[in-house]
Amino acid sequence: MKKLFLIIGAPGSGKTTDAELIAAKHNNITHYSTGDMFRAEVASGSERGQIIETYISAGNIVPIDIAIETILGAIKKAPTDVIIIDGYPRSLEQMTELDKYLTNESEVKLVNCIEVEVSEQVARDRVLGRARGTDDNVEVFNNRMKVYAEPLVQIQEFYTKKDLLKKINGERTIEKIVTEMDEYIQSKI
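By the UniProt record's numbering, the letter at position 5 of the sequence shown is numbered 5, and the numbering carries on one by one without gaps.
If you are wondering where the hints come from, they were derived from the structure by calculation, not from laboratory data.
Keep in mind that a hint or two might mislead.
[To be verified] What follows is a list of derived Cβ distance ranges for each label pair:
1. Ile189 to Lys146: 16 to 22 Å
2. Asp36 to Leu102: 18 to 24 Å
3. Lys100 to Ile61: 16 to 22 Å
4. Arg130 to Glu175: 17 to 23 Å
5. Lys176 to Tyr55: 38 to 44 Å
6. Glu47 to Arg172: 44 to 50 Å
7. Gly129 to Asp65: 35 to 41 Å
8. Leu102 to Thr16: 33 to 39 Å
9. Ile51 to Ile174: 25 to 31 Å
C-beta: ideal position from N, C-alpha, C; glycine also.
All chains should be modelled from the sequences, with the hints used to inform the complete structure.
Encoded structure:
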């Protein structure tokens, strides 16, 4: 049985870096982002990959059922039994659809959803301070923050009711954050 950990957090919360560092420390953990999974599916040349390509190349969002099937397929094929996915779910629809699929799924178990908490100011300072690309500007940040924050309370409530939400303070040094997150994940596997 594959054990799945989801990591959510605001833009600039460090969730991707945290997940990458944890996976790099352990040979029994695989880290994915949803974008990585879509690209791998397209590269595989599969029928689903061809469908995904038509949406991505047109700049459209991949339909939720195809996205979930791709995610679960990547998890099942992962070289390890522990998988961390960062930045997912980003919406109530993604959360409820993933939950529906996992309810009927015997090969994958959601162990936990970890939220890396940072204030909007810290997130803004980090994103605008790194300015890696054209999407790291105030306007885009404000939109990304709004998209993240809108469903957040309902996502928190959903995973809290299932006793699956763990919050981690993301406003400390990366070492402290990664150590706490890693120890927590290790305690659950």
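### Message
Hint compliance check: list the failing hint numbers for this structure, sorted ascending.
### Response
1, 8 and 9
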